[in-house]
Amino acid sequence: MSVRNAARRFTSVIAAASLSFALLMPAGPAFADAGFRQWVAGFRATAVQGGISGALYDQAFKDIKDIDPVVLEKARTQPEFTAPAWDYFDNRVHDQSVAVGQQMAKKWKPWLDRIEARFGVDRYVLLAIWSMESNYGEILKRDDIMRNVVRSLATLAYADPKRAKFARTQLIAALKILQTGDIDESHLSGSWAGAMGHTQFIPTSYLHYAVDMDGNGKRDIWNSIPDALATAANLLKKNGWQAGKTWGYEVTLPAGKLPGGSKTLSQWQALGVVRANGKPFKNGGDKATLKVPDGRGGPAFLMIKNFSVIKAYNNADKYALAVGLLADEIAGSSGLVQDWKRPFTKLTFEERQELQKRLSQNGLYDGKFDGKIGDGSKSAIMAFQARAGLTQDGYPSMEVLKWLRQK
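Read in order, the letters of the sequence shown are residues -32 to -1, 1 to 375 in mature numbering (1 follows the signal peptide of the UniProt record, and there is no 0).
Since the hints were made in silico from the structure, they are not lab data. Note that the Cβ used here is the ideal one computed from N, Cα and C, for glycine as well. Hints are supplied without guarantee of correctness; some may be wrong.
[Unchecked claim] Listed below are the simulated EDC-like cross-link pairs for lysine to aspartate or glutamate, each with C-alpha atoms no more than 20 Å apart in a straight line:
hint, residue 1, residue 2
1, K109, D152
2, K340, D112
3, K375, E319
4, K42, D343
5, K109, D36
6, K336, D307
7, K340, D307
8, K144, D285
9, K309, D63
10, K286, E319
11, K340, E367
12, K109, D338
13, K286, D63
14, K186, E218
15, K336, D36
16, K205, D182
17, K205, D152
18, K340, E319
19, K205, E218
20, K273, E218
21, K144, D262
22, K286, D307
23, K213, E84
24, K186, E153
25, K346, D334
26, K309, D285
27, K370, E319
28, K325, D307
29, K42, D111
30, K336, D112
[To be verified] Now the in silico label distances, taken between C-beta atoms and shown as ranges:
hint, residue 1, residue 2, range
31, Q17, E319, 49 to 59 Å
32, D112, P248, 44 to 54 Å
33, S230, K77, 27 to 37 Å
34, G183, D152, 17 to 27 Å
35, K77, K325, 33 to 43 Å
36, A244, T316, 18 to 28 Å
37, G228, D361, 46 to 56 Å
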């Protein structure tokens, strides 16, 4: 986020930080709870100095007596590896995310019409962000993911030295949200790092961009889809979204080396770079940058201004590209012409769910059958591959699924 970017950027914790906290605190949960309550009492003056009323602060912390251990565990276990391109995109741009996005486009069409007219931001990009951030709101229903935002941020501010400064800033902002009356403390929920609502805004970004689109007097990104999508649109507009233009194009590259840097689409075309689907570029004067996230053998893209605007939401090329590709498919595009350099036969979303179910039936997987191949699924695949005498690569492949179907 510039919305979530700060939260994502601070998600790399190391064991030493946890150890240093453990060494600083006396042994036993009672001592730790007492230390936390003392920190809460001490932070009250900081909050009041930041514009928070003492009464609201006391109300927000009324039922918060100790840290949230789940938050610290999540902070400790954030992945630090870089996933290959196919792994990242297969978990985000797939037939299920496209189908649900198309359903949501129909269901929310009247509101999307209004949001698009007001902010000039493409509706399919907003739907793609909604999918990427909360699976169209599904994660908001999960108690294993949603936490009390005030408690989460207080936990990080008190017990996580690497995130303390960020968390304190966000905690003050979260209390300001409560002070506006947009949401009450019992419903101020978010991720372990404080990202909130359908479109996952951290508190400071909420204060800057939140919109009351449905006109009920509250900027409610937790319960109002119009408010959540309009808030995302407002962020993109304020960061320079160019109405009526795309984010970029999949292209085919000529043989030989190409110059780097930004050039107009017409200049790229003169160098032999053409759209992969054979259609002409629109607005040949637009400046574009060439990106090949999977190397020359994978799909290539010319990115124009709106691509960098999406990165204001999350400053990562893969994120912005996934939003763009998913948006295009929700809008009716047939997808990539040149697929990712995937070292196996790709599964559909339903086949990935079947893979997880069959791994579970073999006693190797105890997670959700959500079609998303995370660490748990990969470990289960590798365990099955070891059992079957296969190469232990952890790939969610048709080859592995066929072996499982034989069991």
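Results of checking the hints against the structure:
no. : hint                    : verdict
1   : K109 - D152             : holds (18 Å)
2   : K340 - D112             : holds (16 Å)
3   : K375 - E319             : holds (16 Å)
4   : K42 - D343              : holds (14 Å)
5   : K109 - D36              : holds (19 Å)
6   : K336 - D307             : violated (28 Å)
7   : K340 - D307             : holds (19 Å)
8   : K144 - D285             : violated (32 Å)
9   : K309 - D63              : holds (19 Å)
10  : K286 - E319             : violated (24 Å)
11  : K340 - E367             : holds (18 Å)
12  : K109 - D338             : holds (14 Å)
13  : K286 - D63              : holds (19 Å)
14  : K186 - E218             : violated (40 Å)
15  : K336 - D36              : violated (23 Å)
16  : K205 - D182             : holds (19 Å)
17  : K205 - D152             : violated (28 Å)
18  : K340 - E319             : holds (11 Å)
19  : K205 - E218             : violated (24 Å)
20  : K273 - E218             : holds (15 Å)
21  : K144 - D262             : violated (43 Å)
22  : K286 - D307             : holds (15 Å)
23  : K213 - E84              : holds (13 Å)
24  : K186 - E153             : holds (14 Å)
25  : K346 - D334             : holds (12 Å)
26  : K309 - D285             : holds (18 Å)
27  : K370 - E319             : holds (11 Å)
28  : K325 - D307             : violated (27 Å)
29  : K42 - D111              : holds (14 Å)
30  : K336 - D112             : holds (12 Å)
31  : Q17 - E319: 49 to 59 Å  : holds (56 Å)
32  : D112 - P248: 44 to 54 Å : holds (48 Å)
33  : S230 - K77: 27 to 37 Å  : holds (36 Å)
34  : G183 - D152: 17 to 27 Å : holds (20 Å)
35  : K77 - K325: 33 to 43 Å  : holds (35 Å)
36  : A244 - T316: 18 to 28 Å : holds (22 Å)
37  : G228 - D361: 46 to 56 Å : violated (34 Å)
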